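These protein sequence lines are chains A and B, in that order. The opening position of the first sequence corresponds to residue 1 in our numbering, with each subsequent residue numbered one higher. The opening position of the second sequence corresponds to residue 1 in our numbering, with each subsequent residue numbered one higher.
Careful, some of the hints might be misleading.
Said to hold, decoys possible - For lysine-lysine, the following DSS-like pairs were computed, each having C-alpha atoms within a straight-line distance of at most 27 Å:
#1 K75(B) <-> K30(A)
#2 K138(A) <-> K75(B)
#3 K68(A) <-> K102(B)
#4 K230(B) <-> K110(A)
#5 K108(A) <-> K230(B)
#6 K30(A) <-> K102(B)
#7 K110(B) <-> K186(A)
#8 K42(A) <-> K140(B)
#9 K110(B) <-> K52(A)
#10 K42(A) <-> K94(A)
#11 K102(B) <-> K42(A)
#12 K108(A) <-> K102(B)
Hint data in this document are derived by calculation from the structure and do not stem from the laboratory. As the structure is a prediction and not an experimental result, all values here were calculated from the model.
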Amino acid sequence: MRSSNFIIVFITLLTSFVALVLSLLFTGLKDIHDENQAIFQKKFVLLSIQEKLGESAVMEMSNQDVAKLFNDNIEQVVVNSKGEILDKAAVESKGYPGGMAENINLSKEKKKSEAERLLPVYIYKGEKDHPIYILSLKGNGLWDEVSGNVALDSDLNTVVGVSFDHVSETPGMGAEIKDNPNFRLKFAGKKIFDESGNYRSISLMKGGATDPVHEVDGITAATLTGAGVTRMLQNGIKSYEAYIKSIQQ
Amino acid sequence: MTENKVNKLSFLAFGKKERRLITEPINDNNPITVQILGVCSALAVTSMMWPSIVMSVAVLFVVAFSNFFTSLLRKYIPSQVRMIVQLVIIAFLVTVVELFLKAYSFPVWKQLSVFIGLIITNCIVMGRLEAYAMANTPWKSFLDGIGNSLGYGVILVVISFFREILGKGTLMAGSPLEVKLIGKSSEFLINTADTSWLSWYSNNNLMVLPVAAMFILAIIIWIQRSVNRKLINIS
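Please construct the entire structure, taking both the sequences and the accompanying hints into account.
Next comes the structure, spelled out in structure tokens:
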């Protein structure tokens with residue numbers, strides 16, 4: 001048995017040492033982390049239109065190539081839930097230095113009320129007079145956040161492609177939304193509005209899709225992650241509805 | 001003269017005893033099938049082979065080095081708070097690895113980040129610290145860590161092999177070595193051509209669920225004990 005004093009000194013020294021090393025490492029590596037994250041964000045947006053871009057693997061591209069592809073082809077807009085486009089100064093005043101769509105932290109925005117929420121839109125102008133609108137979504141999966149990008153064709157109804165990511169869904173089950181390259185392909189051609197123009201969104205169906213226009217097969221053994229993705233699609237695209245309507249007219 | 005040299009390096013010796021530290025946990029003292037440690041993660045990550053392999057490598061690193069550092073400190077760690085100290089060491093190592101991976105190998109970090117929590121709470125890590133590293137020298141503890149995580153990895157790979165091939169018809173999906181082996185192109189993997197064997201086979205969804213790992217693990221234990229009869233009376 002050790003004395004209490006020894007324990008207190010030992011634990012204090014150990015934890016201080018660990019805390020010191022970890023904080024030094026964290027601050028030392030923060031710039032690289034941020035840069036990696038920014039590049040990943042660009043890749044993640046581009047992944048939703050990977051087939052349109054004619055690339056086979058956006059996620060494996062080098063940092064310089066991705067930055068170039070993104071900056072040359074993507075126009076960034078920030079809108080609010082009323083569909084109004086916000087200028088750079090307005091976005092910066094909300095606490096996002098840089099004022100671009102890519103600077104917006106969706107996890108923070110998710111917690112705000114819908115009226116105050118900032119929504120990033122990425123517009124791909126690769127083909128003339130045929131813009132593709134990419135909407136960024138964030139929701140909750142089974143264990144942690146899930147996020148997604150939905151690329152809509154010029155009619156702002158037909159889905160061109162999607163990309164999904166997650167923080168810690170179970171590998172082999174919920175994590176398939178990101179890991180299975182074929183899952184995201186199933187969304188192409190789906191529509192978010194029905195024929196009379198009412199908002200329907202897209203749902204993941206347990207046991208297989210019955211409606212070919214608004215439903216996608218769910219993932220076996222990932223019911224709760226699937227429900228989270230469905231909710232994210234429902235609520236996420238919904239907040240863009242005013243913006244979508246303003247362009248459709 | 002030569003004897004002196006040998007003695008100086010004897011803490012790095014790799015003789016029969018040390019070899020046993022590595023080989024024993026693979027069969028006779030397997031952490032999963034004999035010690036019944038780390039079953040939780042063996043059920044969670046084994047639905048496919050590639051994540052299982054990634055998980056095994058990560059656990060190998062963490063167990064080996066946390067064993068090593070705990071063993072270095074074993075004479076100073078107060079026994080009343082030893083678990084907390086061990087947890088600090090494990091969490092420290094895992095976080096250091098995570099920070100470096102995130103900086104210099106972002107795609108790997110993306111893939112591994114889901115496993116980080118599973119590694120810290122993996123019973124094998126703490127079980128080995130308690131059972132071995134607290135009472136043995138750093139080098140031996142390091143080898144013990146490698147042996148046990150290899151034993152863990154072997155079981156993970158075997159379970160995930162059966163679960164993936166019967167549940168999805170593929171092997172190593174998600175890695176560069178991905179192959180579609182049996183079954184017709186399922187609704188799940190839509191783009192696979194019907195060139196695989198046994199195209200009549202339809203995927204068994206039970207295999208994708210964690211219960212399947214329980215069945216396969218039980219069968220592995222059954223087979224292992226029928227072959228290796230000295231295990232029968234131990235546990």
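Now the hints, each set against the structure:
Taking the CA atoms of K75(B) and K30(A), the gap is about 36 Å. The hint is violated against a cut of 27 Å. With a C-alpha separation of about 49 Å, the suggested pair K138(A) and K75(B) falls outside the 27 Å cut-off, and the hint is violated. The hinted pair formed by K68(A) and K102(B) meets the criterion: a straight-line CA distance of about 22 Å does not exceed 27 Å. Between K230(B) and K110(A), the direct Cα distance comes to roughly 58 Å. Violation of the 27 Å bound is thereby established for this hinted pair.
Between the alpha carbons of K108(A) and K230(B) the distance comes to roughly 58 Å, so the proposed pair goes past 27 Å and is violated. Straight-line distance between C-alpha atoms of K30(A) and K102(B) comes to about 10 Å, which keeps the hinted pair within the 27 Å bound. Among the hinted pairs, K110(B) with K186(A) is consistent with the structure: their alpha-carbon atoms are about 23 Å apart, no more than 27 Å. Taking the CA atoms of K42(A) and K140(B), the gap is about 47 Å. The hint is violated against a cut of 27 Å.
For the proposed pair K110(B) and K52(A), the alpha carbon gap of about 25 Å is at most 27 Å, so the pair holds. For the hint pairing K42(A) with K94(A), the CA-to-CA distance comes to about 22 Å; that is within 27 Å, so the pair holds. For the proposed pair K102(B) and K42(A), the alpha carbon gap of about 17 Å is at most 27 Å, so the pair holds. For the proposed pair K108(A) and K102(B), the alpha carbon gap of about 22 Å is at most 27 Å, so the pair holds.
Taken one by one, the earlier hints fail for this structure at numbers 1, 2, 4, 5, 8, listed in ascending order.
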